[in-house]
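Colleague: The residues making up each chain are set out below.
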Amino acid sequence: MSWSFMDGLKYTRQHEWARLDGEGSTVTAGITDYAQDKLGKIVFVELPEPGNPIKAGDSMAVIESVKAVADVYAPVSGTIVSVNEALEDMPELLNEDPYNEGWIIKLEMENAGELEGLMSKEEYEKHVQQEEEVE
Amino acid sequence: MAQGRKTPLYEWHKHRGARMVDYYGWLMPVEYGEITEEVRITRRAAGLFDVSHMGQFLVGGRQSTAYLDKLLTADVSSLEKGAVRYSPVCNYHGGTVDDIMVYRVGEEKYLLVANAANKEKDQSWLLEHAEEEVRIEDLSGEYALVALQGPKAQEIMEKAADDENDFTKLKPFAFSPQLKVGGAECLVSRTGYTGEDGFELFCAAGEVLHLWEALFEAGKNGNGAGPVGLGARDVLRLEASLPLYGRELDEDITPLEAGLERFISFGKGTHFIGKEALEAQKEKGLTRKLMGVEMLERGVPRSGYPILMGEEEIGHVSSGTHSPTLGKGLGMAFLNPHIARIGEEVKVVIRGKPRAARTVKLPFYRRGKR
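Line by line, the protein sequences give chains Z and W. First residue of the first sequence: 1, per our numbering; consecutive thereafter. First residue of the second sequence: 1, per our numbering; consecutive thereafter.
No lab work stands behind these hints, which were simulated from the structure alone. Yeah, the Cβ is synthetic: ideal placement off N, Cα and C, and Gly gets one too.
In silico BS3-like links for lysine-lysine, alpha-carbon gap of 25 Å or less:
| no. | chain 1 | residue 1 | chain 2 | residue 2 |
| --- | --- | --- | --- | --- |
| 1 | Z | 41 | W | 328 |
| 2 | W | 220 | W | 180 |
| 3 | W | 14 | Z | 126 |
| 4 | W | 14 | Z | 41 |
| 5 | W | 70 | W | 284 |
| 6 | W | 353 | W | 328 |
| 7 | W | 121 | W | 6 |
| 8 | Z | 38 | Z | 121 |
| 9 | W | 159 | W | 220 |
| 10 | Z | 38 | W | 6 |
| 11 | W | 353 | Z | 55 |
| 12 | W | 275 | W | 121 |
| 13 | W | 70 | W | 121 |
| 14 | W | 109 | W | 70 |
| 15 | Z | 41 | W | 220 |
| 16 | W | 328 | Z | 38 |
| 17 | W | 81 | W | 180 |
| 18 | W | 268 | W | 70 |
| 19 | W | 14 | Z | 38 |
| 20 | W | 109 | W | 169 |
| 21 | Z | 41 | W | 353 |
| 22 | W | 361 | W | 328 |
| 23 | W | 353 | Z | 106 |
| 24 | W | 70 | W | 275 |
| 25 | Z | 38 | Z | 126 |
Where chain Z lies over chain W, by a calculated footprint (3+ residues, C-beta under 8 Å):
| no. | segment |
| --- | --- |
| 26 | 24 to 35 |
| 27 | 294 to 304 |
| 28 | 321 to 329 |
Label-pair ranges, simulated between beta-carbon atoms:
| no. | chain 1 | residue 1 | chain 2 | residue 2 | range |
| --- | --- | --- | --- | --- | --- |
| 29 | Z | 20 | W | 222 | 47 to 53 Å |
| 30 | Z | 37 | W | 185 | 36 to 42 Å |
| 31 | W | 83 | Z | 131 | 45 to 51 Å |
| 32 | Z | 125 | W | 16 | 24 to 30 Å |
| 33 | Z | 115 | W | 250 | 45 to 51 Å |
| 34 | W | 14 | Z | 121 | 27 to 33 Å |
Turn these sequences into a full structure, and let the hints guide you.
Modeller: Below you can see the structure in the form of structure tokens.
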């Protein structure tokens, strides 16, 4: 596989990642290297308003490349603490550095256990492999 | 994978890692790498396109000129041998059955190139209106069609062509019936669907791999050319503001509404289907007309998005994208011409949010003089 996946992150089936910030209950979330590669060059990102609650699986952002409009889903439920406003002027950060500079949102988790229900790096790799085989 | 017809280049595309989709019954490459990169290649060097899915018909017989003049809005009788013309084909209401390219191959012999999506419908329409002396032959599938488009297209063709045929002298919308490229006998025209200089080459399906590889090799070596899929082709045609059937044209949209009046010959000697309806519409004035919309804010206009002026909805986007060449969101849109003029501020409603845009003249992109 030609995509890079990071240790220590949790992954969703819709190709988002989530990372626990330090010891707290805040998570940072974004899209995976696989997701950005499939979309192609990202040209527009629509971000939500901080302060609002969001449920796991709800759309937390909209990303557009030349060919597609894609929803990004919240990996866990919580309250939106902040969004990466840099993406509004530099959506290409999502392509260039999806796990760091290209983060999308920070959430204050409702239930810290929810994160454990997501996929590990190994599980996610397997999931991507399966999707590729279907194609 | 969906069942679909394969062009003779299918395996080549797969081997190059192209993502294939079913496009009106044909398995076609959408992208080999990344769409914006393929757009850039075409604008800066040249793109190589497999467009073998296009419908192709040969029309012959003593009455073929008069017959085509009855079906096409363009003036066919004035077309010289060796010339190509773009023409809408209208229904009796002035709506558009298809938009095609017509090649005058002989005195009473024509090649028609039609949209893949409309091939069956066109064939019925052609047969329904055929007269005794006219023969219609479906060549789709028997002939492959390849396009080479971009500022370096001629240079690459010169490298790849086998003989001394001076195809370089071909003017836009002219063709040469015989040119050997990579060992394949081709009909080559100076036409395309990208807004760039370039060529379209027809050859027997069995020979197209040789043609394709000759162009690919000549384009790759130092020229920066490469294969380009349907994804980038759609962006290129949109930047050049060329209509796509199903978006800017359909059975209910007239060529006048789509801004194609220059392809309607009201004065030609022959009566054509749809003429009265089009004349009446012209007389009465249009209630919608195709215009350009460019985003002033970030955002990508897409097909179907409403367009507002003040609070009033004045039309919708027919096709839109983010233009890699011009670096902004662009859309073609059907707008009420009594309200919207060029240079007006409007809003494109993107997922419920009105975003600032401006009406502009088409085309968005015009290539520089060489």
